[in-house]
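From first to last, the protein sequence lines are chains A and B.
Everything in the first sequence is counted per our numbering, starting at 1 for the first residue and increasing by one.
Everything in the second sequence is counted per our numbering, starting at 1 for the first residue and increasing by one.
Among these hints, one or two may not hold up.
Unchecked claim - Here are the in silico distance ranges between beta carbons for each label pair:
#1 B:G1 to A:P83: 43 to 53 Å
#2 A:P61 to B:E83: 32 to 42 Å
#3 B:G1 to A:S69: 38 to 48 Å
#4 B:P82 to A:K57: 16 to 26 Å
As the list claims (entries may be wrong) - As a list, the in silico DMTMM-like pairs of lysine to aspartate or glutamate whose alpha-carbon atoms are at most 20 Å apart:
#5 B:K37 to A:D38
#6 A:K57 to A:E79
#7 A:K44 to B:E39
#8 A:K14 to A:D38
#9 A:K9 to B:D27
#10 A:K57 to B:D59
#11 A:K101 to B:E79
#12 A:K101 to B:D59
#13 A:K14 to A:E79
#14 A:K44 to B:D27
#15 A:K101 to B:E15
#16 B:K58 to A:D38
#17 B:K57 to A:E100
For the record, the hints were derived by calculation from the structure and aren't laboratory data.
Ideal placement from N, C-alpha and C gives every residue a C-beta, glycine not left out.
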Amino acid sequence: NAGVTQTPKFRILKIGQSMTLQCTQDMNHNYMYWYRQDPGMGLKLIYYSVGAGITDKGEVPNGYNVSRSTTEDFPLRLELAAPSQTSVYFCASKGRQVDEKLFFGSGTQLSVL
Amino acid sequence: GENVEQHPSTLSVQEGDSAVIKCTYSDSASNYFPWYKQELGKRPQLIIDIRSNVGEKKDQRIAVTLNKTAKHFSLHITETQPEDSAVYFCAARDGRNTGKLIFGQGTTLQVKP
Numbered sequence: 001n002a003g004v005t006q007t008p009k010f011r012i013l014k015i016g017q018s019m020t021l022q023c024t025q026d027m028n029h030n031y032m033y034w035y036r037q038d039p040g041m042g043l044k045l046i047y048y049s050v051g052a053g054i055t056d057k058g059e060v061p062n063g064y065n066v067s068r069s070t071t072e073d074f075p076l077r078l079e080l081a082a083p084s085q086t087s088v089y090f091c092a093s094k095g096r097q098v099d100e101k102l103f104f105g106s107g108t109q110l111s112v113l
Numbered sequence: 001g002e003n004v005e006q007h008p009s010t011l012s013v014q015e016g017d018s019a020v021i022k023c024t025y026s027d028s029a030s031n032y033f034p035w036y037k038q039e040l041g042k043r044p045q046l047i048i049d050i051r052s053n054v055g056e057k058k059d060q061r062i063a064v065t066l067n068k069t070a071k072h073f074s075l076h077i078t079e080t081q082p083e084d085s086a087v088y089f090c091a092a093r094d095g096r097n098t099g100k101l102i103f104g105q106g107t108t109l110q111v112k113p
């Protein structure tokens with residue numbers, strides 16, 4: 001099993017550009033999450049999904065969009081990149097039991113210049 | 001929504017000493033409280049968790065205590081070792097059982113040899 005796979009690992013964007021961070025998991029997990037981690041800071045929840053076709057906002061959703069058309073994939077879209085979106089982005093998933101541990105991807109380092 | 005506060009933000013101890021990290025949460029309905037460890041440049045990994053029907057849980061040198069009345073929980077690491085140096089995050093699950101997991105700001109633990 002590959003677990004949770006995120007691509008790309010690194011990306012530099014110019015202000016106003018758009019991009020999609022990809023996340024896929026092969027564990028048949030219902031729950032998927034996107035967090036951002038600013039330098040020296042905690043993990044802030046951007047969006048999460050409890051299953052295919054269902055998404056909901058987290059703590060810091062502004063400037064982002066998500067979709068969950070399949071159980072495996074949960075892409076995160078940045079439409080108009082801003083310097084404030086410079087961060088490390090982690091995708092995570094967990095199983096049906098709501099208190100099972102999160103499996104994190106390896107992260108995407110994004111810089112917006 | 002849920003809010004999780006974590007203290008201290010940094011903690012430095014001598015090898016062999018104990019370390020304590022404290023968290024408070026706002027949602028009295030929250031019922032699941034995990035702790036994650038993140039080594040430099042790595043993804044967060046679950047180290048221990050506790051459910052609201054339990055007051056204390058121990059796993060070798062790591063223990064977690066929960067006070068539901070006061071809405072706070074703590075991580076205790078005994079006989080610290082240099083490899084315990086990392087960032088530690090507490091988290092609380094939304095009390096509505098949505099699977100939404102909110103993290104604290106993190107504590108950077110340094111264990112000096």
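Checked hints:
1. B:G1 to A:P83: 43 to 53 Å: With a Cβ separation near 26 Å, G1 of chain B and P83 of chain A fall outside 43 to 53 Å, so the hint is violated.
2. A:P61 to B:E83: 32 to 42 Å: Cβ of P61 of chain A to Cβ of E83 of chain B: about 36 Å, so the range 32 to 42 Å holds.
3. B:G1 to A:S69: 38 to 48 Å: Violated, at about 26 Å.
4. B:P82 to A:K57: 16 to 26 Å: At roughly 40 Å between Cβ atoms, K57 of chain A and P82 of chain B fall outside 16 to 26 Å, so the hint is violated.
5. B:K37 to A:D38: 16 Å, holds
6. A:K57 to A:E79: With a Cα-Cα distance of about 16 Å, the restraint between K57 of chain A and E79 of chain A holds, given a limit of 20 Å.
7. A:K44 to B:E39: 18 Å, holds
8. A:K14 to A:D38: Holds. K14 of chain A to D38 of chain A sits at ~18 Å (cutoff 20 Å).
9. A:K9 to B:D27: 35 Å, violated
10. A:K57 to B:D59: This hinted pair is violated, its Cα atoms lying about 34 Å apart.
11. A:K101 to B:E79: 26 Å, violated
12. A:K101 to B:D59: 16 Å, holds
13. A:K14 to A:E79: 12 Å, holds
14. A:K44 to B:D27: It holds: about 17 Å lies between the C-alpha atoms, which stays within 20 Å.
15. A:K101 to B:E15: Status violated; Cα separation ~29 Å.
16. B:K58 to A:D38: 31 Å, violated
17. B:K57 to A:E100: 16 Å, holds
In summary, the numbered hints that this structure violates are 1, 3, 4, 9, 10, 11, 15, 16.
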